[in-house]
Every structure is written in C-alpha cells, then in structure tokens.
Amino acid sequence: MPHEKLSMAQGLNQALRDAMRADDTVLMFGEDVGALGGVFRITDGLTAEFGEDRCFDTPLAEAGIVGMAVGMAMNGMRPVVEMQFDAFGYPAFEQVVSHVAKMRNRTRGKITLPMVIRMPYAGGIGGVEHHCDSSESYYAHTPGLTVVAPATVSDAYTLLRRAIEFPDPVIFMEPKKLYWAKEEVDLSVEEPGIGKAVVRRDGGDATLIAYGPAVPIAMEAAEAAAAEGRQLQVVDLRSIVPFDDETVCAAVRSTGRAVVVAEASGFASVSSEIVARVTERCFHSLAAPIRRVTGFDIPYPPPKLERHQLPGVDRILDAVDTLQWEDS
Amino acid sequence: MTTVEERLLPSAEPVQLIDEHGGRHDNPQYGMPAPEALVDGYAQLVVGRRINDQASALVRQGRLAVYPSSHGQEACQVAATMVLGEQDWLFPTYRDTVSIVSRGVDPIETLTLLRGDWHSGYDPYEHNVAPQATPLATQLVHAVGVAHAARLKGEDTVVMALCGDGATSEGDFHEALNFAAVFKAPVVFFIQNNEYAISVPLARQTVAPSLAHKGIGYGVPGERADGNDLAGLLAVLGAAVGRARAGEGPQLVEAHTYRVQAHTNADDATRYRNDSEVTPWLERDPLKRLDAYLSAEGLLDDVRRSEAAAAADKVAEELRVGLMQEVSPDPAELFAHLYATPTPQLKEQAAFLQDELSREEA
Chain A
13 MPHEKLSMAQ GLNQALRDAM RADDTVLMFG EDVGALGGVF RITDGLTAEF GEDRCFDTPL
73 AEAGIVGMAV GMAMNGMRPV VEMQFDAFGY PAFEQVVSHV AKMRNRTRGK ITLPMVIRMP
133 YAGGIGGVEH HCDSSESYYA HTPGLTVVAP ATVSDAYTLL RRAIEFPDPV IFMEPKKLYW
193 AKEEVDLSVE EPGIGKAVVR RDGGDATLIA YGPAVPIAME AAEAAAAEGR QLQVVDLRSI
253 VPFDDETVCA AVRSTGRAVV VAEASGFASV SSEIVARVTE RCFHSLAAPI RRVTGFDIPY
313 PPPKLERHQL PGVDRILDAV DTLQWEDS
Chain B
26 MTTVEERLLP SAEPVQLIDE HGGRHDNPQY GMPAPEALVD GYAQLVVGRR INDQASALVR
86 QGRLAVYPSS HGQEACQVAA TMVLGEQDWL FPTYRDTVSI VSRGVDPIET LTLLRGDWHS
146 GYDPYEHNVA PQATPLATQL VHAVGVAHAA RLKGEDTVVM ALCGDGATSE GDFHEALNFA
206 AVFKAPVVFF IQNNEYAISV PLARQTVAPS LAHKGIGYGV PGERADGNDL AGLLAVLGAA
266 VGRARAGEGP QLVEAHTYRV QAHTNADDAT RYRNDSEVTP WLERDPLKRL DAYLSAEGLL
326 DDVRRSEAAA AADKVAEELR VGLMQEVSPD PAELFAHLYA TPTPQLKEQA AFLQDELSRE
386 EA
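In the order they appear, the protein sequences are chains A and B.
Heads up, the first sequence is in my numbering, so the first residue is 13 and it goes up one at a time.
Heads up, the second sequence is in my numbering, so the first residue is 26 and it goes up one at a time.
These aren't lab readings, by the way, just hints derived from the structure by calculation.
You may find that some hints are simply not true.
SDA-like, lysine to any residue: derived pairs with alpha carbons at most 25 Å apart [as the list claims (entries may be wrong)]:
1. A:Lys122 x B:Ala62
2. A:Lys17 x A:Arg242
3. B:Lys209 x A:Pro228
4. A:Lys208 x B:Pro367
5. B:Lys209 x B:Gly272
6. A:Lys122 x B:Gly272
7. B:Lys339 x B:Thr27
8. A:Lys194 x A:Arg242
Taking CB as the label site, the calculated pair distances span [as the list claims (entries may be wrong)]:
9. A:Val211 x B:Asp181: 47 to 57 Å
10. B:Asp44 x A:Asp36: 36 to 46 Å
11. A:Ala280 x B:Ala271: 20 to 30 Å
12. B:Asp44 x A:Gly63: 24 to 34 Å
13. B:Gly87 x A:Leu48: 28 to 38 Å
14. B:Asp181 x A:Val140: 46 to 56 Å
15. B:Ser353 x A:Glu203: 55 to 65 Å
16. B:Asp44 x A:Lys122: 39 to 49 Å
17. A:Ala280 x B:Thr28: 31 to 41 Å
18. A:Lys208 x B:Lys339: 38 to 48 Å
19. B:Ser353 x A:Ser266: 40 to 50 Å
20. A:Glu61 x B:Lys178: 52 to 62 Å
21. A:Lys122 x B:Lys372: 20 to 30 Å
Keep in mind that this is a model prediction, so the values were computed, not measured.
Virtual Cβ for every residue (Gly too), placed ideally from N, Cα, C.
Extracted from the complex, chain B is given alone in its bound form (with noise of 0.2 Å):
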C-alpha cells in the first residue's frame, strides 16, 4: 500500500540517469531510455542549441526583435516534445521556439512573433501546437480545456502544457491544476524551472520545498527531474504521458534548470546575478553531458556527430536566409481576423486606411 503522499509528492531528490559527467546513474523507479532515443535527443539537441543562437545573433543583426533563449534548456526543450505521439497537443510559452520546431514547426513561421510580421505565424492545428503565450501560466487553463474535449469525444490525446517557475506564482497556473484534477484531463504540466522570472529568483516567487510538490495540494502527482539530463526527462516525462494516457489525471513535472542568459537581449542578468552563479551551470549543460554518455556508450562517434551538426548548420542556414527576406505584413490584415465576418465598423476603419496608404503612394 502506497499512502497519498507517497502517491503525489516527488522524489526526495530531482530524477536524474545520467550525471554531470557523463555518468550512468540508475534509478529504482525510472530506467535508462533506449539508446535509439537518446541518439535521436542528441541530434535533436545539437539543432535546438543552433536554433538558440542563431536567433539570438539575429537579434544583434536587427533581424528578430527580441529573442527569450532557451540556451542551456535544451534538455527540456526536445523532450517535452519526444515525448508525445501525433495526437497529442504541445502549449508552449514565449521561451519554447525550440519546442516548437522540434515538434515539427516550421522556424520561420515560428519566430513570426518574435520578428513582429504578426502575432501568431503558424497553424496551430498542423501539428497540435498551440500559439505561444506570452502572458504567464494563461495558457495552462486553455490545455486543460483541449484536454476535456478530447476525453468527452474519446480521443487519445494527451496535453503537454509548459510554463516556468514564475508562472506557478500566477492563479490559473493554480486553477488549471485544480481543474485538470477535478476533471481528470490528460494534461501534463511541466515546468521549467530555470530559477529566474526575468530578474526575481525563485526564493522570491515560493517557499515551497519545490515547485513539484504543489501538485500535492491539488491531488496531483508531481515528480521533479534535473533539467539538463535527457535522458531523466525522457524518463520521467514519458511516464507522466502515459500515465495521463492510461486515464490517470494530469501529472505535474518540474525540471530543475537554469537559464544561463539574461531574459532576453534586452535584459541586463548583471544587475541581478553574478557570474560566479552562472559557470557551474555551463559545465552541467545538457548536451556535453549526453555527448560524454553517448561517447562512452559507444554510442556516438564523429560521424553521427557531423550528421547532427550539418542539420544544425541547415537549419541555421535557413534561420538566416528565411529572416533576412523582407516581409511586409499587408495592413489590411489588421481588420480582416477578429470576426468570421468583420463589423460594419471594422469595414469603414479598413476603408479609411486603405485610402490613406493610397494617399501615401500617391
């Protein structure tokens, strides 16, 4: 007999199979992932790092407007994705591009709102993403709300919603948990918690032993995992889905990280943090530690190596010549989305600027 809390609180420490070094480090619970999956998370890894500072030198070259990098995150980034089946629905938030490229999204049409052409550039329902939210934990209530309707139509469908640690501060990060367990939705939420919102660390947003253990509150199983190991993400993530496949409820994972760059390029991480915080991190990074494994494994060698750095390299490539097209977004977009029909209001105000371009070109 397990007792409720052994059932909902995490383990006494984050879930991790693979060390800082490169090490095997076996788990009772969580065995290691097959070594097909950890090779394909390594290519996938090695390109969502090349996504990550490409777009951050596109920033610097005036290409992107602001870019939130998910540098040194990428563990979490590819396997909150790996994890989930074609049916399945992916909520990321502003910082998640990668997560959404490796869920098979176009990357241009994935930094359309970084780049400013329009809010939203790809089609959520192409691959089950939905649009990147910008407010925090917001979008946490809208998985719960697609993970209900598919299980009123008997669908198979379970909802990875993401958010940080800043965002469990937030009351519909409280309220989606609590309806995901009151109505059983199959939704994972996964944080990723990189111990800043913006400039605040996370003693300032919870005194909560982790952020893992709120779910206990709500009746929800939570589990924490050391972010910057794929293969305990793997582990512990798949395991949540299935669970909320089997028709569990919803799980709750937090993945200890950090976010090794300032919030965005136009944060200054100086005035609030040291450096001396931020080099341990570097040497915990995801990838050296699974090329270090893989290695040793026998299981990666220069070839597969330069197989994954040529994906990079085009996927980079096609950053840079996709972002340095120019794109004039057509103003008369701006009155053509808000209603199936616009109101006759709506129509005067397009008139009205449609003439006024028509002067300007005059």
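If we strip away everything but chain A, and leave its shape as in the complex, we get (with noise of 0.2 Å):
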C-alpha cells in the first residue's frame, strides 16, 4: 500500500472503517457519532456507509452506553464505544470496572466480551474543566481490563484494529491533542501487537518512557538533549496494560538512568507503577534513581494556566540533569 499522510483523527477513522469493512458484527456507537460524525469527526461518515444499525446515536448516558455494549458483545456483536471526553466516562465506571472488567472472570470465561471503550483523553487543547482528564490509571488499576494509548498515527490505526479484534474488553486512549498533526504513514503494517512497547529513539545516556500524549514532547525532549550532547532513548509503551517489562527494562538496563514522562498526576498512576517495577528488576543496573515529570496532584487547570501542568521539554531536561551524572 502507497504510503498516506494522514492525521490520527482520519487514521483512527479509517481502522473503524476497515474493521467494519471486514467485521459485520463490529458496530460503533455513542454520543454524536452518527450524523455529526463524533465531536472529533472519529466517525465521520461511518452512518453514511454502514447504516444506522452499524453506526448510531444513543441517548446522552454513558452507563447505558457501556452496559448496551456489554449486552450486545454478549450476544455475538463486537460493539465499539465511544466516551466523548474522558470526564464524561465516569458515569460508566461502575458499568466498566464491576462489569467489563469483570465478566469474562465471574463466568469462568464462558461469556467473553469482545469490546472498545474509547476515551479522547488528556489535555493541552485549552479545554474547559471535564473535558481533559488523564483517567488512564483507574482504568489500569481495574484488573480485567486491557488499556492502550497511542502517540502516532500508524499506531493508532493498528492499535485500534487489534483492539476491535482482540477477544477481550479494551479502554482505547485517544491522546485528543495528537488528534490532527499529519503523518506519513503506511495502514498495511501489521504490527504492533497489543502489549508491545517500542523503542522510538535511540540513545545511551539515559531513558525516557513515555506514552500517549507525553510521546512527542519525550522525542522533543531527546532532541534538544542531542543537541547539548546527551543521548536519550525513548521508549513509547504504546500498551499500559499489559505491560511490556521485557522491552521497558532491556532499554533501561541500556542506559542506567531513566526518566518517566506522563501527563497524568503523578501520586499513585501509571508512572508511579513504572518506577516501582522498573526499580524492582533493575537495581543493580541503575545509576541513579528513577526521576518522574508528570502533571501536578492538581485537577486539571483551566486553559490559561495548564502550560503549567503539561511536561515539557525544560522538565524532563532538569530530570535528566539530577541522574547523578556526577557519580559516573
């Protein structure tokens, strides 16, 4: 396949077409995602080429959204969901972590729930309040779930494919401020496979993790470190459950420092679970203890101040400068 510049928007679009395209049981549903194509235009013309049974409105309730889907996945159809932000997701908690996450497990494996939340999450879209929450670490605290969040576009449209194919419920994090800048990209990849991280930059010095929406700012990051003659690898989970060890602390172990990116607050979320195990099976390689530049233990800011809560690039520099580079 000829190599297309498309943005994730489209890219996403486009794996919902092609899953529905090759799945009749697969269908889309949510708030605003048939006429008007999703807030986000995620679903922009799926209505128009798969009907109204394929593709349709509900009533505005997301608890009745993920509990229907739970419903239908019961009943032999693959339902894709959409939350249209992820504060708006909360209603559906219950529905996600004491049903989704559950059901498979309850009944032994006899009903198995093969379905797509997905969750436009994070900010720096100057988003008013509710509309640019991380919510990814309750849903990777909830076993039974299998979590994602894509930083490019290639990854976004595979992502999205296997998660649609894959046999058990999956919250799909749109990092909505990635949503427009256009790629290069080739749709034919196979890879990757749910659970594999990837390394995106090469470096010996020190590591960075990062995923979703703290990807670009880590590859920026590892820029400007080149420039001043520090090289930063970067490795983009790309899955946050289940959780690429092997990948993560071969990288590590590479570079005896290590940095973790994320936007989220930091007290108890993904970032802090990555310092644990990345601490727990790599001591003795490291030089210098694990850093985090996350957002604040903050609600998420209003517009005019959340530059103040995303990590950027003078942060995660500062980090790396305090990995004891002394001692080496």
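Quick one: dock chain against chain with the hints and give me the complex.
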C-alpha cells in the first residue's frame, strides 16, 4: 500500500471503517457519533457507509452506552463505543469496573466481551474543565481491562484494529491533542500487537519512558538533549496493560538512567507503577533513582494555566540533569 | 382511540385473577391462564418454596455463606420464566435463585455464588440466563444490549430483566428503560416490589403512585399485578412478552408482593418492622391461594399434590447432597479467566502462588 499522509483522527476513522468492512458484527455507537461524525470527527461518514444499525447515536447516558455494549457483546457483537471526553466517561465507571472488567472472570470464561471503549483523553487543547482528564490510571488499576494509548498515527490505526479484533475488552485512550497532526503512514503494517512497547529513539545516556500525549514531548526533549551532547533513548509504551516489562527493562538496563514522562497527576498513577516495577527489576543496573515528570496532583487547570500542568521539554531535561551524572 | 396515557399507564389496581381466598376474580383485559399452565405452575411453586426453605436451612448449617430468600415471592419467580421461550433470556438478581432453577439451570451450579466457590457457577448460554447481578440495576442495561443485538440479528428473542423496588432508584434503571424505549428493544422489565430494600421501605425510594407508573416517563407501557397471584402474573407477563415479541418494544411490569423474611440470614428485620405488618402477608401466600383455587376448580387433588411434594423433596435432597460435598476451588483459577491470554504479569503471579502453595504442602 502506498504511504499516505494522515492525521490521527483520519487514521482512527480509517481503522473503524476497515474493521466494519471486515466484520459485520463490528458496531460503533455513542453520543453524536452518527450524522455529526463525533465531536472530533473520528466516526465521520460511518453511518453513511454502514447504515443506522451499524453506527448510531444513543441517548446521552454513558453507563447506558457501556452497559448496552456489554449486552451486545454477550450476544455476538463487537461493539466499539465512544466516551465523548475522558471525564464524561465517569458515569460509566461502575459498568466498566464491575462488569466490563469482571464478566469473563466471574463466568469462568463463558462470557467474553470483545468490545472497545474509545476515550478521547488528556489535555493540551485549551479545553475547559472536565474535558482534559488523564484517567488512564483508574482503568489500568482495574484487573481484567486492557489499556492502550497510541502516540503516532500508524499506531493509532493498527492498535485500534488490533483492539477491535481482541477477544477481551480494551480501553482505548486517544490523546486528543495529537488528533490533528499529520504523518506519513503505511496502513498495511501488522505491528504492533497489543502489549508491545517500542524504542522510538536510540540513545545510550538515559531512557525516557512515555506513552500517549507525552511521547512527542519526550522525543522533542531527546532532540534538544542531543544538541547538548546527551543521547536520550525514548521508549513509547503503546500499551499500558499488558505492560511490556521486557522492552522497558531492557532499555533501562542499556542506559542505567531513566525518567518517566506522563501527563497524568503523579500520585498513585501509571507513572508511579512504572518507577516501582523498573526499580524492582533493574536496581543493579541503575546509576541513579528513576525520576518522574508528571502533572501536579491538582485538578486539570483552566486553559490559561494548563501549560503549567503539562510535561515540557525543559522539565524533562532538568529531570535528566539530576540523574547523578557526577557519580559516573 | 386510546390516549397516550391510557396506553402507557398501568391499571388502577394491580391485576388479580385469583383473590386472596382462592376465588376467581375476573378481569376485562386479562383472561385466566389455561388450567394446565396453572397446575404446572403450582408444581413449580411447591419446588420453589422448597428451594428457598432448604437453602435457608443450609445457611444455618454453614453450607452456604448467605441466601437471600424469595420465600413468599415464588409466584413472581416462577411466572417470570414460565412465560419465556427457549430462545429468550433471563437477567436475574441475587434473590432470583428460584427463577434461575425454574429456567432449567442446575440448582447446585446456581448456588455457586452463594456458596462462595466462584462468582457465577453456571454457563449463561446453556439456558440463556445471565449471571446473577449483585449490584443493583446494572444488569438491566445489559439486558437491553442483548435484546438490541438480537433485534439487529433478526432473532425472535425477548429478554426478561428482573429487579427489585430498591433498584428502581438507581440511575441504571432509568437508563435501561430509556435506551430500551428509544431502540424499541424487546425487553420486559419485571420489578418485584417486595416493599423493602434491606431495611428501607418503599416510601423512602419513591413517592410515585406505583413503580409501574415510572414507565410513562420513558414512553414504556407499565402494568402492575398482584405479585402473589400466579394466574394474574402469568397473564400480565405473558401479554408483555407477547407485545415485546411482536415488535412493540419494551414493557414494564410491577408485581406487588412482600419480603416476608429478612433480607438475608445476616439481617435482623425486627429492627425496622413489626410482625403485625408481616402477618397479613402470610395469609396472602401464593401457594395457599393457588392450591385453594385449583382445589375448588377440581384441578388439584392429593395425587397431584403429592407428586409436587415428591419433586420438591427430590430437589431438596439434591441441594443437601450437593452442598454437603466439599468443593475446593482451584487457586490457579484465580488467574485463569481474566483474559483469553493471561498477561505476563498474571503468569508471574500465578507461578508465585503455585510456588507458595507447593511450599505449604511440603
């Protein structure tokens, strides 16, 4: 297939379209996903191509949307639902935690739920309150869920295809600030499978570990560090659950220093989990404690103050500077 | 021409076809079910009552962790499944053990949850019975999903979704009715209003004229029935299932009954209600009532009565024997069912537990 220049929004749309073409049981529903094509246009044109039965608007009720998806998945469908914004997904939290995550386990595998909950998430778009939450840690903390966060257009396409084919429920975190940036992509790629991290940039001095919206910032930071003569490796997790200990630990062992970069508040978060597991596994390879650059432990700020919450290049480079270089 | 209100609002009084004394009570809208259905229903009530009482006894003997009994509500339990076809689905709650068994699920498998062996012990697809819901009303939206998927597939499936009066206060009850109505999903929402949500009486849940009246807000026809009259329940639920199957969309049915026992064996009902409130309900017992009616009609004699008692003895025996057997759930299962393919982390943790267990044994 020729390489195309697509935005992440277009890549996700193409993934839905291709999945719905490939399998009649794949359905898309949620709020404003029909005629409007979603507030971010991710479902643009799907109702026109596949009809009202395959891509449709629902009443405005997230627990109902997720709960109905559970029932449809129980009865032979592969529903993909959209929570319009991260924080609008909270009314569905009980359905996600008590049913989506547990159904397979409580029925000893008799009922499986091949469903995807798409979640435009995180900030950086000047959104008002309740539109910019990084809610991935709630889901990652819940046994039974699979949590994916792409950072590139081709990963967004491929991971969404893999998520829809996946036999179990997937929480698909879409970094909304990356929706519009265009990239040359090859949509014929089969990789990555769910659960595989990737080294985005090689470098021997220290490792930046990031996922979702933090990946481009980590890449920028590595670029800036290179200009100053320090080679930073960047690992993009792609999947938060399952966590790719192998790739992450191999990367950290190769440099002996690491900084975790994440937009979410740091306390009791995915970033704290990463620090804990890497420390447990790589302690003897570490030349310095692992540092974190995360959001503060505050509600997501209003648009005029949001830049203070987002991990930036300077904060990352400052954190890298504290990795006890004087000892080596 | 009927007005919207006439179409959506329930009858002025709960539909009753057999009165408290076993007398026939004709209703212009609902005919008396066929004699064979009532005789069959009687046998199922006897079995249902026995399951409730045997299970409660097994709690006292320490063979079950807990049992929320539907003693006194057996007519609702039995009617809910009698009106269903094989292709239909039942979505039960924790108090609906009798309904699940009446649908054909193995009684021991049904009690797996309450015995503490696992969360759900039966294969939901074997008899189209969803796992028992312990959170309130959350299963109702799943029921809508199953029904809507069936409709998209062109299947002739109706879903019977059970809940209690307390659950009607939950958001998911509202969302389920609304979704079902908007998508015209073939669901019968069947509320067993037994007057109590653990200790809290109905008056603290709602001031609606009845729970069946709640349908009108969603455009769902509501109806109410005497929950201790099997005949009335079969007529009302049967009609609701028929309309749902005919493509008329969801229906809401409220059965007015009473929880004559405590919430579970762990509850103390004397802290929140007086015996004087309970006693009249014992007189309205669904079994006594149907027995009186069928006897007067010459449809029930001692031979049939002892046949039903023998069937109940058999189930009780099955429960006693089955639950006396020690089952040791396999700890390896704790990790086996979360994902089609366990994550590397779960594999590590399963190996850790296995190792710990083998050291315990050594």
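Find the hints from earlier in the document that the structure breaks and name them by number, from lowest to highest. 1, 2, 3, 6, 7, 8, 10, 11, 12, 13, 15, 17, 18 and 20
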